[in-house]
Each structure stands twice: as C-alpha cells, then as structure tokens.
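K.L.:
The listed protein sequences correspond, in order, to chains A and B.
Residue numbering for the first sequence follows this note's numbering, starting at 289 and increasing by one per position.
Residue numbering for the second sequence follows this note's numbering, starting at 289 and increasing by one per position.
Hints in this document: simulated from the structure, not taken from any laboratory.
You may find that some hints are simply not true.
[As the list claims (entries may be wrong)] Here are some of the chain B residues that sit facing chain A, going by a computed Cβ distance under 10 Å:
(1) C346
(2) N398
(3) P407
(4) K414
(5) E418
(6) H569
(7) D606
In this text, a Cβ means the ideal position worked out from N, Cα and C, and glycines have one as well.
Next come the chains, spelled out residue by residue.
2 protein chains.
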Amino acid sequence: MFMEVNMEKESPEKAKKRKIDDDGDGDKAREESESFNGFKVKAVINENARQKYLFLHCTKNDEDAVVLLEKTPFDSSMTDQILSDNTKIRQTLQNDIYHTYSALLPENLNGVKATVICPASEKHIKKYTEQESFVIQETAELYTKVTLPYLEKHAFSTKWVYNILEKKKEADRIVFENADPDTGFILLPDMKWDGKDLNSLYLQAIVHKHGLKSVRDLNKSHLPLLNNILEEGADVINQEYGIPKSKLRIYIHYQPSYYHLHVHFNHINLESPGFDADRAHLLVDVIENIEMNDSYYQDKTLVYRVREQDELYKLYQDEGYFVDFPINTSISSNSSLTAAS
Amino acid sequence: MFMEVNMEKESPEKAKKRKIDDDGDGDKAREESESFNGFKVKAVINENARQKYLFLHCTKNDEDAVVLLEKTPFDSSMTDQILSDNTKIRQTLQNDIYHTYSALLPENLNGVKATVICPASEKHIKKYTEQESFVIQETAELYTKVTLPYLEKHAFSTKWVYNILEKKKEADRIVFENADPDTGFILLPDMKWDGKDLNSLYLQAIVHKHGLKSVRDLNKSHLPLLNNILEEGADVINQEYGIPKSKLRIYIHYQPSYYHLHVHFNHINLESPGFDADRAHLLVDVIENIEMNDSYYQDKTLVYRVREQDELYKLYQDEGYFVDFPINTSISSNSSLTAAS
Chain A
289 MFMEVNMEKE SPEKAKKRKI DDDGDGDKAR EESESFNGFK VKAVINENAR
339 QKYLFLHCTK NDEDAVVLLE KTPFDSSMTD QILSDNTKIR QTLQNDIYHT
389 YSALLPENLN GVKATVICPA SEKHIKKYTE QESFVIQETA ELYTKVTLPY
439 LEKHAFSTKW VYNILEKKKE ADRIVFENAD PDTGFILLPD MKWDGKDLNS
489 LYLQAIVHKH GLKSVRDLNK SHLPLLNNIL EEGADVINQE YGIPKSKLRI
539 YIHYQPSYYH LHVHFNHINL ESPGFDADRA HLLVDVIENI EMNDSYYQDK
589 TLVYRVREQD ELYKLYQDEG YFVDFPINTS ISSNSSLTAA S
Chain B
289 MFMEVNMEKE SPEKAKKRKI DDDGDGDKAR EESESFNGFK VKAVINENAR
339 QKYLFLHCTK NDEDAVVLLE KTPFDSSMTD QILSDNTKIR QTLQNDIYHT
389 YSALLPENLN GVKATVICPA SEKHIKKYTE QESFVIQETA ELYTKVTLPY
439 LEKHAFSTKW VYNILEKKKE ADRIVFENAD PDTGFILLPD MKWDGKDLNS
489 LYLQAIVHKH GLKSVRDLNK SHLPLLNNIL EEGADVINQE YGIPKSKLRI
539 YIHYQPSYYH LHVHFNHINL ESPGFDADRA HLLVDVIENI EMNDSYYQDK
589 TLVYRVREQD ELYKLYQDEG YFVDFPINTS ISSNSSLTAA S
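Based on the provided sequences and hints, a complete structural model is requested.
P.N.:
Given below as structure tokens:
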C-alpha cells in the first residue's frame with residue numbers, strides 16, 4: 289500500500305533537490321528545516337498492528353493532508369549495534385529461561401518512514417482510508433445477472449496488454465514467449481518485483497489469445513494453453529532463475545485486476561496478500577477441475593472479497609445480495625460478548 | 289510466531305516479580321539493571337521486513353541464547369505526540385504534493401518487544417529459525433502411498449478433542465452445540481482469539497463424528513454435517529457476535545494441524561496466515577465440489593506447503609518426490625539474473 293504512491297514526473301530542479309536530500313547520510317545541512325509542526329490530526333484512517341503502519345488524516349493551515357507512517361524493518365547488518373549498551377531494556381516478565389523486555393533502540397536504528405500528501409484531495413483520503421470488506425458468493429446465476437453485465441458495460445481497456453503482446457511496449461522485459469496465438473503466452477516480470485531478490489520473485493504469464501476475461505471463461509478447449517503455461521512457465525523459471533517448481537506458487541486471480549487472462553508465478557517465500565484462498569485459484573486446481581468437468585468454472589460458485597468502494601460491491605448491494613446477510617451496524621471491537629466464554 | 293513462546297507455570301516468587309516488572313509505567317526502579325551487554329550475535333536466524341521482526345542466535349557467557357525482536361505497533365491514541373516537535377523528520381523526496389521523510393520518533397513512542405530465551409537448547413534455536421518451504425502436489429496415489437500410512441502409523445492422539453466433545457474440558461467455552469453424533473458439532477472460540485476484538489474473531493467447529501481425519505475423507509454422506517456447520521455456525525455467530533455471513537471466512541485446512549475434522553470461522557478482517565490458497569479450502573467450495581462429484585476429495589490432487597522440519601517433507605523426499613523438481617542449491621538472493629531484463 290505504501291508503495292502505491294504515484295510520483296508524477298519531476299522537474300530538473302526537484303530532481304536535483306531530491307538527489308541532495310536522498311543521500312541518506314543524514315548529516316548534511318537541509319535546505320529547509322522540517323517538522324510536523326502545524327499538523328493537526330483529524331482521524332486515524334487506517335492502522336495495522338502486524339505490519340506496523342498508521343495512516344492519518346490531518347490538516348495543516350486549513351488544508352487537508354494525508355500522513356502515512358510505517359516503521360522500518362530491522363537492519364540485520366547492524367545486529368551488534370542493536371544489542372549494544374545503547375539499547376535500553378526493561379524486563380517485563382521472567383520465567384525460567386524465558387525473559388521478555390520492552391526495549392528502546394537508539395533513534396538511528398529505529399526509524400520511521402513518513403509520506404505526506406499535502407494538500408490532499410478527497411480522493412487521496414479515500415485511497416488510504418481502510419475500507420470495509422464483504423464476501424460475495426458468486427453463483428453462476430449471479431455471474432450472468434450482475435458480474436457479466438458489469439464487465440461488458442465497462443469493456444475495460446486492455447490496450448496496454450495488447451501493447452505488450454504486440455511488442456510495442458516492454459519488449460525488452462520479456463523472459464519467454466510461446467508465440468502460438470491460441471495456446472501461447474508471454475512471460476515477464478511483474479512490476480511489483482525488483483527483478484533481483486529471488487525470494488520475492490514475481491512473474492506474470494499473459495496469454496496471446498484475446499477474449500478470455502477470467503477463469504469463468506475457461507473450459508476443456510483451453511487445457512493446451514493452461515498446460516503450456518504451467519509447464520513452460522515453470523521450466524523457464526527454473527532455467528533462468530534456478531527456482532524449481534516445488535518453490536513456486538502458480539495461480540489465477542478471481543476477480544482479476546484486469547480482464548485479460550493471466551497467471552501469477554511467485555516464489556513460495558513471497559508474502560503476497562493476493563494469495564488468499566478467496567482470491568487465488570491454483571493453476572493445477574484449475575486444470576484438474578476442468579479435466580473433471582468441462583463446465584466447472586461456468587457452473588461453480590466462486591467466492592471473493594469486495595471492498596465498499598468497489599463497483600461490484602455496489603452492484604451486488606443494489607441487487608439485494610446483502611439483504612439476506614444484513615450488516616449489524618452496532619458492531620464494534622468493544623462490543624461485549626453475549627456468548628458463553 | 290512471537291506469541292508461541294510457551295511460558296511454563298511460574299512459582300509464586302516469579303509471579304510476584306512479574307507483577308512488579310509488568311506494571312508498565314517504566315519509571316519504577318528495577319530490581320536488576322538490564323542490558324544486552326555480553327550478548328554476541330552468532331547468526332540472523334529469521335527476519336521479516338513486512339512484519340518488522342528479527343530473530344537472532346546469540347551466545348552469552350558461552351551459553352546459547354535466542355533473541356526475538358519485534359517492533360511494536362504505533363499507538364494510535366498518541367497521534368498528537370507522534371506528530372509533535374519531538375519527532376525529527378528529514379525530507380528524502382519532494383514532488384509536487386508528495387513528500388517523503390525519514391522520521392525519528394521519541395524513544396518512548398517507538399519501542400521494541402524483545403524476548404530472550406537463555407540458555408537455549410538446539411530445539412529452541414530450530415523453532416525460531418526460518419525453515420525452507422516446499423510445495424507438494426499430493427495426488428490420490430501419493431496420498432495412499434505416502435500420506436495415509438504416515439497418518440495411520442502415528443495415530444495422532446486426539447484425546448484432547450474427545451475431552452472437549454465429551455465436556456470433560458473447556459465445557460464453559462462452548463458457544464453452540466448440535467449434539468447429533470453424525471451431523472452435529474461443537475462451536476467454541478479458538479485459543480488464538482482473545483474473545484473480545486470482533487475484528488479478529490476466530491472460532492472452530494469440531495465435529496462429533498469420530499474418524500474423519502481431513503477433507504480427504506469427505507463424500508456425499510457428509511453433506512448434512514457440512515451444511516449444518518455452514519448454516520448453524522454462521523447463524524450462531526451472527527446472533528452471538530453480530531457478525532453476518534458476508535463478513536466471515538469459513539474454511540478447512542489441508543493439511544490440518546490435528547486429524548479430527550474441524551472448520552475455521554474467521555472475521556474477514558483477521559489477517560490469518562492460515563488463509564493461504566495452498567492450505568485453506570472454503571467450506572462452500574468443499575460442499576459444492578462434493579455435490580458435483582461424490583469422490584472429489586478422494587480423486588483430487590491437493591496442493592499444500594511443507595517445511596523442511598515436517599515429517600511429511602522427509603517422507604516425500606524419501607519417496608523421491610523432489611527428484612523430479614531438483615532444488616538448485618546455488619540459489620541466493622544475490623544471484624545475477626540470466627534472463628532478459
């Protein structure tokens with residue numbers, strides 16, 4: 289989420305300033321002294337205890353601002369300094385061989401990354417505000433009645449995908465191609481991968497065939513295509529990166545982020561939020577389900593999560609889908625439990 | 289992982305000391321002054337940039353020790369102090385409305401939780417050392433040949449489960465029971481849930497019927513049982529906790545952590561590592577797959593992850609399973625890429 293901030297093209301002056309500011313040693317004099325002075329917190333709009341981030345909606349001089357704070361990871365090359373006398377520790381519990389402490393690290397080893405968007409539009413605030421999620425059980429009937437009309441009405445542009453397939457863009461990034469128009473695909477690194485750290489390896493296979501919107505459209509006629517992706521994809525990744533098949537997660541998203549069939553290849557060590565059981569469909573499962581039943585993905589109820597800003601959520605709400613599962617608006621994390629416990 | 293440290297029963301003296309140490313205000317004089325003085329780092333045994341933890345294997349006075357460090361979450365009740373003058377910020381980038389900074393928070397707002405196990409046995413060190421993971425595609429044949437004999441040989445004790453079902457233990461924790469011996473189940477909070485925060489709601493439904501080891505054993509005869517769990521489980525959770533079905537993840541693990549059929553109920557907001565697509569099988573999918581094909585879970589290839597310390601990994605290795613997918617031992621995150629990029 290942090291990484292999604294889109295930096296627009298910067299002027300030469302700004303680039304120069306950035307170079308100065310970005311030298312990372314922290315000792316150089318700054319052009320301007322900076323502080324959070326003047327920021328007033330209006331609301332906590334998102335926080336995550338596991339990932340240690342906190343997003344705030346603030347105002348500064350009557351302008352809206354979004355402040356994104358995230359604790360930095362430990363620098364594992366600094367272990368000697370982390371365990372030095374400069375770290376103050378206070379015991380909170382001791383039991384036999386187990387000791388727990390609250391520790392205060394030297395400031396320089398314990399930084400926070402902050403991103404400020406100011407002035408922030410309503411859209412910025414919405415983007416970083418935690419959204420409520422809901423589960424949809426999309427039956428074959430609901431697909432035909434709600435989801436498919438939505439897809440057809442929007443005819444989401446996949447021009448950028450065709451640019452890749454036609455080598456007009458990103459041609460130098462292609463790792464492998466099977467050029468067959470029906471059963472072929474292009475394999476290239478996902479934008480989220482730095483291309484270096486093999487533990488976070490992330491590639492995508494994009495099929496040459498047009499018109500396959502998602503897993504919903506797949507049947508036995510697509511088995512040669514799916515088997516090619518599974519076998520050639522895994523083979524190429526083993527050859528090029530030395531990662532065997534037993535270290536790969538190979539899956540299709542439903543709902544996908546764009547409606548042109550593509551397959552995700554991740555290193556097993558990558559903690560990808562997109563690998564949840566209500567979004568990721570393993571390619572081997574997809575192949576075997578279709579082998580078992582030609583119309584498996586046309587008949588099957590598919591479960592996925594939507595967020596309150598998603599158009600699909602609104603369409604299912606309009607359809608009355610959530611009436612059967614009314615939302616209890618009195619839910620709060622402080623509600624007392626009526627259950628035995 | 290951090291929460292897994294098992295504290296043994298403590299003596300009254302220790303309990304008293306803990307009470308003193310645990311008062312949380314940080315100002316009281318300590319019985320003993322503490323520091324990491326004398327700890328020598330032997331190895332980084334695990335680290336996670338997303339969750340901000342770092343596990344170290346150390347020695348202290350020639351004894352082995354494990355040091356577990358984890359950054360604490362932001363305290364969202366302290367936002368005014370976080371954005372005060374006491375936080376030093378240094379700009380690293382500025383582009384139009386986007387500003388990024390590295391920030392140094394006042395020590396007291398930026399703590400680290402440390403757990404020390406000393407002296408640590410080899411088993412402790414192993415427990416906290418990152419393990420390599422592997423994907424197994426368990427075909428019906430491999431299940432019969434490798435997995436099933438392993439399950440039968442070990443006849444894993446489920447006495448503690450029978451204690452719950454027979455109300456010998458944890459009877460006061462039961463939220464709901466359908467007492468039918470074939471189609472009934474007991475619903476109770478999972479140990480991982482504090483029973484309070486509804487956003488991390490976690491319950492388990494444990495079936496009364498004995499002998500159902502896992503999803504592999506399910507067929508059409510179990511549909512009444514599975515439908516009961518799905519419907520009554522979701523209804524009870526809605527009544528007792530005010531959480532509607534559209535906010536629940538309901539799933540079965542394969543491999544499970546114990547071999548007596550049980551179903552997990554999570555609030556959708558809970559970030560549970562057990563919800564990965566290579567472990568969690570949604571209950572609605574299980575029901576529909578069986579309705580489609582009585583022997584779906586006997587015939588189906590099931591994909592799951594094993595870790596190098598797991599006995600199943602060793603058994604599949606002995607079986608020659610990984611020979612088809614040789615592990616390239618030269619893999620490292622610094623390997624240069626041979627692929628086009």
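K.L.:
Evaluate each hint against the coordinates.
P.N.:
Hints and how they fare:
1. Against a cut-off of 10 Å between C-beta atoms, the interface hint on C346 (chain B) holds, since the closest Cβ of chain A lies about 7 Å away.
2. Because the smallest distance between the Cβ of N398 (chain B) and any Cβ of chain A comes to about 5 Å, under 10 Å, the interface hint for this residue holds.
3. Evaluation of the P407 (chain B) hint against chain A yields a held restraint, the C-beta minimum of about 6 Å falling below 10 Å.
4. Checking K414 (chain B) against chain A by beta carbon gives a least distance of about 15 Å; that is not within 10 Å, so the hint is violated.
5. The interface hint given for E418 (chain B) is met, as the beta carbon of that residue sits about 9 Å from the closest beta carbon of chain A, less than 10 Å.
6. The interface hint given for H569 (chain B) is met, as the beta carbon of that residue sits about 7 Å from the closest beta carbon of chain A, less than 10 Å.
7. Look at D606 (chain B): its Cβ only gets to about 15 Å from chain A, farther than 10 Å, so that hint breaks.
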